[in-house]
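Asks: One letter stands for each residue in the lines below.
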Amino acid sequence: MIVDCGVYAGGERQDLPKDPETVAQALDDDGECFGWVGLYEPSPAELRRVQDLFGLHELAVEDALKAHQRPKVERYGDSIVVVLRTLWYVDEGDAVETGQVSVFVGRRYVVTVRHGEGAPLTTARKELEERASVLGHGPPAVLWAICDSVVDGYETVAEQVEIDVDEVEASVFSPDRTSDAERIYLLKREVLEMRRAIVPLREPMEGFAHGSVPLVSPEAAPFFRDVADHVARVAEQTEGIDTLLSSALNAHLARVSVQQNDDMRKISAWVCIAAVPTTVAAIYGMNFDNMPELRWYYGYFVCVGGMAAICATLYVFFRRVGWL
Amino acid sequence: MIVDCGVYAGGERQDLPKDPETVAQALDDDGECFGWVGLYEPSPAELRRVQDLFGLHELAVEDALKAHQRPKVERYGDSIVVVLRTLWYVDEGDAVETGQVSVFVGRRYVVTVRHGEGAPLTTARKELEERASVLGHGPPAVLWAICDSVVDGYETVAEQVEIDVDEVEASVFSPDRTSDAERIYLLKREVLEMRRAIVPLREPMEGFAHGSVPLVSPEAAPFFRDVADHVARVAEQTEGIDTLLSSALNAHLARVSVQQNDDMRKISAWVCIAAVPTTVAAIYGMNFDNMPELRWYYGYFVCVGGMAAICATLYVFFRRVGWL
Amino acid sequence: MIVDCGVYAGGERQDLPKDPETVAQALDDDGECFGWVGLYEPSPAELRRVQDLFGLHELAVEDALKAHQRPKVERYGDSIVVVLRTLWYVDEGDAVETGQVSVFVGRRYVVTVRHGEGAPLTTARKELEERASVLGHGPPAVLWAICDSVVDGYETVAEQVEIDVDEVEASVFSPDRTSDAERIYLLKREVLEMRRAIVPLREPMEGFAHGSVPLVSPEAAPFFRDVADHVARVAEQTEGIDTLLSSALNAHLARVSVQQNDDMRKISAWVCIAAVPTTVAAIYGMNFDNMPELRWYYGYFVCVGGMAAICATLYVFFRRVGWL
Amino acid sequence: MIVDCGVYAGGERQDLPKDPETVAQALDDDGECFGWVGLYEPSPAELRRVQDLFGLHELAVEDALKAHQRPKVERYGDSIVVVLRTLWYVDEGDAVETGQVSVFVGRRYVVTVRHGEGAPLTTARKELEERASVLGHGPPAVLWAICDSVVDGYETVAEQVEIDVDEVEASVFSPDRTSDAERIYLLKREVLEMRRAIVPLREPMEGFAHGSVPLVSPEAAPFFRDVADHVARVAEQTEGIDTLLSSALNAHLARVSVQQNDDMRKISAWVCIAAVPTTVAAIYGMNFDNMPELRWYYGYFVCVGGMAAICATLYVFFRRVGWL
Amino acid sequence: MIVDCGVYAGGERQDLPKDPETVAQALDDDGECFGWVGLYEPSPAELRRVQDLFGLHELAVEDALKAHQRPKVERYGDSIVVVLRTLWYVDEGDAVETGQVSVFVGRRYVVTVRHGEGAPLTTARKELEERASVLGHGPPAVLWAICDSVVDGYETVAEQVEIDVDEVEASVFSPDRTSDAERIYLLKREVLEMRRAIVPLREPMEGFAHGSVPLVSPEAAPFFRDVADHVARVAEQTEGIDTLLSSALNAHLARVSVQQNDDMRKISAWVCIAAVPTTVAAIYGMNFDNMPELRWYYGYFVCVGGMAAICATLYVFFRRVGWL
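Chains as they are written, first to last, in the numbering used here: chain A, 1 to 324; chain B, 1 to 324; chain C, 1 to 324; chain D, 1 to 324; chain E, 1 to 324.
Source of the hints: derived by calculation from the structure; they are not laboratory data. A few of these clues could be false.
Because identical chains share one entry, a pair is satisfied inside a single copy or across any pair of copies.
[Said to hold, decoys possible] Listed next, the in silico DMTMM-like pairs over lysine to aspartate or glutamate satisfying Cα-Cα at most 20 Å (straight line):
# : residue 1 : residue 2
1 : K18       : E41
2 : K66       : D148
3 : K266      : D176
4 : K66       : E155
With the hints as extra help, turn the sequences into a complete structure.
Replies: Here is the structure:
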C-alpha cells in the first residue's frame, strides 16, 4: 500500500498529487526539490513500480519485501539503505512486537517501506513537515526523523518492560507464594527480541554521528549523534534489564527454597505436637492386666491434662525457636 | 563419487560428456569457459585424479578428504579453498546433523567435495543454471550459489530448532509435571554444533562481501553481502536460542521447586487432617477405669461427629490458606 | 535556579554581581578572565537565557534539561559538553540515588547544570577558589574540579555499598536462618545503577588524561589522569561487588539447602524415636485372648522400660551419626 | 638425558655419532647441514653443555629447566624459542596429564627439551626422517613436525574427554539415581588444564601460518596454517566441552530435584494409603460402651473389607494422577 | 620510615651513610652512580623530604601516601612511577592480604615506598646487590628486581590458594555431610583481591617487555619479558581458580540435593517398615465382638510373626532398590 508521497522544496511540501510517478517527474523537472514515498507492506508489484522510478538496487528491494531482516546500513553506489526493526508494546499479554522499516535514501529521494502493525511513521512525517529548517537538509533529515521516531519507540518499549520487571520483582519478593519463573522467562524472551533490534544498530548510528557516511552532511551529524546516544542508552538499559531478570530468577529460586524450609519446619512442629498425645494414648491403650495408673480414679484426667500440658510446652518451645 | 561435471560458457552449460577429463580439456581449448566438477565423498583415487587435472593444492586436498574440518577460507596462490559445514535437521530424534562441503575455486574452475547425507548441491546447481546472467560471472557465481544454499540450510535448521525450543518451553510451563532437563540439554548440544558451523564463517563471508578477496569481483560483492548478512542473522539467532535454553533450564528448576513446595503443603495438610481422628481415637482407646465419656450413651456418636467436624474445619482452613 | 556566577582572573574570583549577564559582559570587556555559571534544575527559560549569553549548542542544552542522560563527552566546535551522572547514598533504605551534572566548557566560560538532590558542587567551587594556582588554568581546571568531586562521590558510594555487602555476607553465613535473597537482589540493582553511571565515563576520562581533547592542556592532563584512575578503580570495585553478590546469592542457596537437609534429618530422627513406643504400645493394645505378656505381673513396667531403653538408644545413635 | 642427536643434510640423516659435540662440529664444517638435539628432562649440566655448544639464550634455558611454563613463542636475536605444553590421557583415573616441550630453533640447529612421561617425540622424528622433501626445509620443518605431533596429542586427548563427557551425560540422564557432580567437576578441571595448554598457543601459531616469523619461509607457512587450524579447532572443541559440562551439571541438578519430587509424592501416596486403616482401626479400638457396630456379627469383616476397599480406591486414584 | 639508602656505581654498593641526603649529594658529585632509597609507610614529612631531594612529581607522591591505589605505570617527563600491589598469605584464617609498593624510577635514582606488613623488599635488594652484572644496568635493574620479587609473591599466594581449593574440593566430595558454601565464598573473595592486584599489571609489564618504555633498555627487555610471562601465568591461574570455585559451589549444591534425596528415601523406607506393625496392631486392637483371630490360641504369635516377616521382607526389598 502506498501511504503517502510528497515532494519537498526548500523545507516546504509542494502541493502535488500523491503518487510515486508525480514525485519522480517533479525530481526530473526541478533540481532543488526531493521526494519522499512511504509504502506499507507493499505488494511486489507496488514495490517494483517504485523501484523502477527511483532505480533502487535489486537486492535491497528483495530485502524490503521480507519482514525479518537484521538491522543494518548498506551502501549501493551513492545511495544507502537503512533497515530498522521497529518495536512496540502490546498491553494485553505484556508482549513486545516487532516490525521493520527499510529506508532507501538517495541524493534526492527517500523511499520508506514499513512492515508490522505498530510504530507508524505518519507522526514522524507530520512533525518533520512542521520544522522547515530541519526538512531543508533534504533526505538526510528524513532519515534522521525516521531513526529518531523508531528509537523513541525503543525507549517507550524499554520503559514498559521496566514496569513489567518492577511488577515481577514485587511478586517475587511479596510474602505470598508465587510462581514467577514463567513471567521472568517470557520477559527474558522479550528482552532478547529487543536486543536483536537494538544492538546491531549501535555501530551504524555511531557511523552517522561521526559523519563517516557520505550522504550525511557535517551539520546533520549532531542530530544523528543524539540518536546514536539514545540507541546506546537503550541498549545498556536492555542489558541491565536482562541482568536483573537473571538475578530475579535466582532470587526467586532462593526464596522458594527458604519458604519450603519454613513450611517444612512448621509442619514438622505440628506433627511433633500431635505425636505426643497419640503415643501416650497408645501406651494407656495397652491391655496389660497390671497397669496401676488405669485403676486410679483421676488417672484419665491426669493423663489428658498431662498430654495437654506437654503439647502446650512444645508449642511455646517451637514458637520460641522460630519453627512456628 | 563424481556427481556432475559441467562446462559453462557465457552463462550456458555446454553439452559435453560429464567427466573431469572433458572439463579439463575444454578449459585448455577455449579461453572463455569455466568448469564445475562436483564430487560426493570421493575415494582418495578420485580426488587425486581431479587434483592432478586442476592442480589443486596438496594440503587443501588432504583437508577435503576428511569430514571434520573447521569452516574456513584459505588462499593458495590465485585460487581459494572454502570449507563449509552443512547442517540439516532430522525429524526422528529432533537431531541436527552435520556434513561438509569443500569448494576449490580457481580462475576457471570450481571443484566441490561434499561429505554427509543431507544438504545436496544439485538444486543449487540447477537454480544457478537457470540464471544465465548470474552464472555469467563465472566461478565466483558458483561459490556464491553454494554458500547461499548452505546458509539457507542453516536458516532452515535454526527454524526447526526454534520450534523444538517452543515445544520445550510449552512443556516447561505446562501445569503437568515434566522432566525437561534432558531435552533442554540435548537442544543445547545441537546449538553448540550449529555454532561451530556458523560462527567461524562470519568473518570470511564479511571478507567476500567487502571485496577483499581477489577472485570476487566488485559486482559480485553485494551478493556475498547478502550471504554474510544471513550468516550474521543466523549466528545471532543461534546465540539467542542458546540463551533461551539456559533460562529455560533455570526456569524449569524454579518450577520444580515451586511444585515440590506445593505438593509438600498439600500432603502435609492431608496428614494433619488424618492425624486428628487418630489421636482422638487413641485417647478414647485408653483403658482407664474411670473415663466418664465412655459410659455416655451417645458418647461414641458425639466423638465421631466431633472428629468429622474438626476434619471438615481443617479442610476448609487449609483450602482458604491455599495449602489444598 | 541560578546557584552561583563567578568571574575569575589570574586564579582569583572577581568581586562582581552574581548574575549571568555580568559574567558575559566581563568576558567581553577583558580578554584574560573566564566565567563560571552554576545552575540547579533550571527552568527552560533560565537555561535559554544562559544559552543565549554564551552561545551553547541547541542539542546539548536540550540534553541538559532532561535528567536521564547517559554519561558522555561531546564536542561542538571548540567547546565541549561533559555529562556526568552523580551518585549519593541515602542511609534510610540503603539506596543509591542518581543525579546529573552537565558541564559546558568553552575557551572562556564554564556552565554547569545540576539535577538531583545530592552531590552539590558548592564545596568543589570553594576548594577550587582556594587553590589559585590550579584555578589559573581556567575552564579546564573547573572541569577537573567537577569531575574530581563527582568521582569522589562514586568512591564514597562504593564504600557504603561494600559495607552493605559485608552485612549481607555476615547475614548469609550467620547460623541464624535468614532470607537474604531480596537484600542481595536490591544491592545488585544499586550496583547496576552505579555501573551505568561509571563505566561509560572510563573512556572519555582516559581521553582527557592522554591530552587528546583540545581544551585540556598538557599540564592539566596529569590531573585528569588521576581522575581517570579513580574512575577505573571504582569501576573495577563495582564489578567486584557485582561478582561477590552473585556468589553470595549462590552461597545463600547452598546454605538454605544444607540447612533444610539438617532440619529434615533432625525431624526424622525425632519421628523415628516417637514411632517406637507407639508401635510397641499398639501391639500390646491388641485384643488377642492369649497374650501371655499381658498377664505377667510386671509386664507393663518391663514394656514401658523397654520402650524408654530403645528410645534412649536411638537418641544416642542419632547423636553419634550427627542427625541430632 | 640426551635422547637423540642427528645431523641432516639435503633431507637425509648423516651417519654420525649421536652426541651434541659431533653435531656442533658438523655445523662448523659444512654450511649445508643442520642439527637436531633431543633432550629429555636434562640435568642442569647437560643443558648447560648444549647451551654452550649452540649459544642458547640464558633466560630461555632457565625456562626450559622448569616444567610449568606458559606456552609461548619468543625471539632472541635470529633464533626463536617455542614452549609447548604436551597433553596425554591416562586411562586409569580418566585423567589428563601435562608435560612440556621447549624447542630452540636457530638458523642451523634445533634443540628440543621435553618434560613429562607422555607425548614422546621419537615417532615425530622418525616420520619426519622418512619425508626427505619436508625435512629439506631445515629447522622450520622440525619445528613444524613437533608442533604437529603435540597438537595431534591435543586432539587425541579432546576425543578421549569427549567420550568421558558422553559417559557422564548417559549417567546424568539414565533412569538410575546417580551422583555425577564429582565426575563433572573433575572433567571441568581437566578441561581447564587443556585450555591452559591450548589457548595461549592460538595466536603464535597464527603468526607462523601468516609467515610473520622470520625463520618460517613462505613455502613452510601452509604447513603451519594446518597446525594453526587444528589448534583453533581443538580450542573451540574444548570450549564446547566446557559449556556442555556446565549445562550437564545444571541438568543434573534439575533431574535430582525432579526425582526428589517424584519420590516424595510416591512416599506420600503410600503414607496416605497406610493412614486409612490405622485411623479406622483406631476408631473401632475406642472403648465406648455404646458402639453398635462392634456388636454386629459381621462388623469386623465389613470393617476390614471397607478398609481394603478404600485403600484399593486410593491406590487406583494415585496411579491415575501419576503419584504412584 | 626510611628503611635503606644506597648509592651504587658499576654494580657495587658504595660505602656511604644511609640517608637520602647523602644519596642525593652523591648523584650530584659523580655522573656514574645511581641511588636507591627505600621507604616503609613514610610520614608525609619523610616523603616530602625525599620528594624535594629527587624532584618527584606532586601527584605521584600523593598516590604513594595512600595505600589503596590501582596497579599502574605512569610517566612524568623522563621518570616513571610504577604502583604494584603486593600479596601475601596469612596461614591463620587462610587469608590473602595486600599491600602496596610505589616505585619512582628516574635516570639516576629509584625511590620505593612500601605499605603493608608482608612482602618486604630487603631480600630483593640483597639478591640484586649480589648480582653486580645485573645491577650494572642501573635503575631499570632495580625496577626489575622489585617487580620480580612482587610477582614471585603472587605465585606463592596462588599456590597457597590452590592448596586451599584442593582442601575445599576434598571436603565437597567427601562422603561426610559438609557445608562448604562459606569457605568457597571466602576463597572467591581472596581470588577477587588477587585479580585486582594482578590483572591491571598485565598490560604495563608487556609494555616493559616490548621495550616500549624509554627507561628500559633493549638489553633489559628480556628480563621484563620473564616477569610479564609470570604475570600472565599467574593471572590465568587466578582465572582458573575462580572458575573452579564457581563449579565447586554448583557441585556442592548438586551433592547436597542428592544427599537430601538419599536421606529422604532412607527415612521413608524406615517409616514404611514401622507403619506395617502399627497398622496391623491397630486392627487387632479393635473391639469388635466377633473377631475370630483374637480367639485363636496362637493368634497373637502368628500375628507378631507375620508383622516381623512383612517388616523383614520390606527391609530386603528397600535394600534391593537402593533406598536403604
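Asks: Check K66 against D148 for me: Cα-Cα at most 20 Å, and say if that holds within a copy, between copies, both or neither.
Replies: between (23 Å within a copy, 17 Å between copies)
Asks: For K18 and E41, with the copy left unspecified, which applies at a CA distance of at most 20 Å: within, between, both, or neither?
Replies: Within. Shortest intra-copy distance 18 Å satisfies the 20 Å Cα cut-off; inter-copy 46 Å does not.
Asks: For the identical chains here, do K266 and D176 meet the 20 Å Cα criterion within one copy, between copies, both, or neither?
Replies: both (16 Å within a copy, 16 Å between copies)
Asks: How do K66 and E155 come out at 20 Å by Cα distance, when the copy is not named: within, between, both, or neither?
Replies: For K66 and E155, only the inter-copy Cα distance (14 Å) is at most 20 Å; the intra-copy one is 25 Å.
The structure shown violates none of the earlier numbered hints.
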